[in-house]
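Protein sequences, first through last, are from chains V and H. With our numbering, the residue at position 86 of the first sequence is 86, and numbering never jumps. With our numbering, the residue at position 364 of the second sequence is 364, and numbering never jumps.
The reader is advised that the hints may include incorrect statements.
Pair by pair, the computed Cβ-Cβ distance ranges are [said to hold, decoys possible]:
id, chain 1, residue 1, chain 2, residue 2, range
1, H, Arg421, V, Asn123, 57 to 63 Å
2, H, Lys276, V, Lys120, 43 to 49 Å
3, H, Ile451, V, Gln125, 46 to 52 Å
4, V, Thr45, H, Asn337, 43 to 49 Å
5, H, Val258, V, Gln125, 40 to 46 Å
6, V, Lys89, H, Glu265, 46 to 52 Å
7, H, Asn253, V, Asn123, 55 to 61 Å
8, V, Gln125, H, Ser251, 30 to 36 Å
9, H, Glu338, V, Ser2, 36 to 42 Å
10, V, Gln125, H, Asp332, 23 to 29 Å
11, H, Asp332, V, Val60, 32 to 38 Å
12, V, Asp28, H, Val258, 31 to 37 Å
13, H, Ser290, V, Gly100, 41 to 47 Å
14, H, Glu338, V, Ala86, 55 to 61 Å
Derived lysine-lysine pairs resembling DSS-like cross-links, with alpha carbons at most 25 Å apart [unchecked claim]:
id, chain 1, residue 1, chain 2, residue 2
15, H, Lys387, V, Lys4
16, V, Lys107, H, Lys230
17, V, Lys4, H, Lys230
Bear in mind the hints are in silico, worked out from the structure with no lab data behind them. Only a predicted model underlies this, so the values are computations on that prediction, with no experimental measurement involved. C-beta: ideal position from N, C-alpha, C; glycine also.
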Amino acid sequence: MSHKILLVEDDEDNRDLVSFVLQRSQLDVELLIAENGEEAVQMATANPPHLILMDMQMPVMDGWHAVPLIKADERTKNIPIIAFTAQAKPEDKVKTKALGCVEHYSKPMDPEELLNLIQKYLNSQG
Amino acid sequence: MVSVATTNNSVSLPPGKENKAADQALIKQNKEAAKQCLLVADRLIKEADFEKARIEVERAQKLDPSHPYISAFLDRIAYFEEQKKKNQPSPPPVVVAPKQETPGLPVAQVAPPPKSPSPPPPVSAPTTVQKSQAAPPPPPSPTPKKPVDTAKILESLKSTITPAQQSQPAHQSSPPSSPPKPEVDSKLDEMRNQIQQLTQALQEEKKAREEIREHQLQGAVNQLRHAMEKAWINGAPKAPEAIACHQLALSLNIPPEVEKSVQREVKIEMYSRAVKEVISKRKLLRSSSSTLEWLRKVYQITVTEYLENESKFLLDLVADQYKGTVILVSEDSKARNELTNRLKASGYAVVLAQTPELALEKVEKINPNVILCEQKFTSDGALSGIKFMHILRTNSKLNFIPCVLFCEKSDLESLKASELRANEAIVKKPVDFDELTAVMNEKLVQFREYISSLV
């Protein structure tokens, strides 16, 4: 069964890189892309993914606002969200966890590490 | 071409009292003149001027009575004269056996074989001799691939002519049922032409088939390569895709070794493309080397394949930062890995060798910009770093490459006391990376200056 991953990222290079890495993984995944938090909320509600990779700094609506909205919706509240951000301070990690994110992954990314993380949460959903 | 005037001297053979050399010279001259006469006769026969041809042959006979082809020429003239008369529109019936056409020129005249070897006949002579044979010609061979050995035929004809036959005029020995000579010749020529054309056509067809076969294989390989590129674009294909590629190779009759080779080329190419793709995004990556390592696993590039192409891959990855290729010779895996990562991060392509012996092989193959080597190696029989350096010194192709030895503090003084060349340096352990890069940069500047001075 193919898993759906929603990548919420405003930076095109980052989107391409995640797509590049996922394409070369052994994971059977479908990548959905949203360019800001607003799009992400709409997409997650309309077509709930198995996992969300959420950038925290974005125009229109950032991750700090989008994650609570997703967690507040009955249809999407159980979707694991990985905060995917350049903010790597310990307090940032605490904040994202407090929002309901299951992980705080700091950019720049390491392909293998990111894939292991994604796989961990996809496997947990069966 | 032919000097007829020479025939004027033909009758005056030198008397035996004159000196031998003059005799031999004259004989030789006469033989040559006879040969020229026969050549003229040959041309005249072809022009159907038999009368003049006969005169030339008679001249040749006077010049060189022992010439083996005289009688053959006369027979030939007689034969063609007869044929000419036969082919005339209203030939008189009596012309069938014109005995007077070869008066006094029976084959018996040439029955005794020449005592001295005559000079080789001119190129046209053997052909004409063959045509003038008195006996019925043998049935034409359907595949006359080789040129007819006319000299042999002439000899065999002479040997087969019985005394009775020899006493008869040549034309009478031909059976009446034998086909006319020109017809046979023309048929032979025609057949030769046909065979030549057929042979040429066969050769062209064979060549075309080979080209088609080659082209088909190339086309098949291209087809397989295309399929493999699709399968390998995102890394090693999954089982169904891999099986499909293999089945395609089988269906295209691609030999297994070719299939393997194509697959190897494709995966390296796809890996290389993937490396290039991440170049622009390397700032988004935590570590270029770990990404490269991950991609190596994704594309199932073996360590050997990676090392063979590392310079190329790293050139792609750090295209604007590439500083050169380093061979690092160390048996300490921990120190080796640590230094490798730092060197790669600094823009060097790093090729590893565990011992100086292994490094020597790689140095010649890779032609590095810098060699970094430990001084001490614990394995039995291994060269020390300084010995390795001395070996490099003896090779004129390698003795200018910057070479840095890593040594313990205790060895530092003694090694520094040894005379180091401009391209050599010693760095104490544990290696301070800043010190090392400073030394490397210094030696690389010298290295580049040296290389520039060679151009």
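Hint-by-hint comparison with the structure:
For the pair Arg421 of chain H and Asn123 of chain V, the beta carbons lie near 59 Å from each other, so the given range of 57 to 63 Å is met. Checked against the hint of 43 to 49 Å, the pair Lys276 of chain H and Lys120 of chain V fails, with Cβ atoms roughly 30 Å apart. At roughly 59 Å, the beta-carbon separation of Ile451 of chain H and Gln125 of chain V lies outside the given 46 to 52 Å, and the hint is violated. In this structure, Thr45 of chain V and Asn337 of chain H meet the distance hint of 43 to 49 Å, their C-beta atoms being roughly 48 Å apart.
At about 45 Å, the CB distance of Val258 of chain H to Gln125 of chain V agrees with the hint of 40 to 46 Å. Between Lys89 of chain V and Glu265 of chain H the C-beta distance comes to about 47 Å, which sits within the given range of 46 to 52 Å. A beta carbon spacing of about 44 Å between Asn253 of chain H and Asn123 of chain V contradicts the range 55 to 61 Å that was offered as a hint. Separation of Gln125 of chain V from Ser251 of chain H is about 41 Å and departs from the stated range, judged on CB atoms against 30 to 36 Å.
For Glu338 of chain H and Ser2 of chain V, the hinted distance range of 36 to 42 Å is satisfied, since their beta carbons lie about 41 Å from each other. Remark: the range hint 23 to 29 Å for Gln125 of chain V to Asp332 of chain H is contradicted by a beta-carbon distance near 45 Å. Checked against the given bound of 32 to 38 Å, the beta carbons of Asp332 of chain H and Val60 of chain V, roughly 53 Å apart, lie outside it. As the Cβ distance of Asp28 of chain V to Val258 of chain H is approximately 32 Å, the hint placing it in 31 to 37 Å holds.
Range check, Ser290 of chain H to Gly100 of chain V: Cβ separation about 30 Å, and the 41 to 47 Å hint is violated. Range check, Glu338 of chain H to Ala86 of chain V: about 27 Å between beta-carbon atoms, so the 55 to 61 Å window is missed. Note on Lys387 of chain H and Lys4 of chain V: the hinted pairing is violated, with a Cα-Cα distance of about 60 Å set against a maximum of 25 Å. As the CA atoms of Lys107 of chain V and Lys230 of chain H are separated by approximately 31 Å, the hinted pair breaks the 25 Å bound.
The straight-line distance between the Cα atoms of Lys4 of chain V and Lys230 of chain H is roughly 23 Å, inside the 25 Å bound, and the hint therefore holds.
The structure fails to meet hints 2, 3, 7, 8, 10, 11, 13, 14, 15, 16 from the earlier list, while all remaining hints are met.
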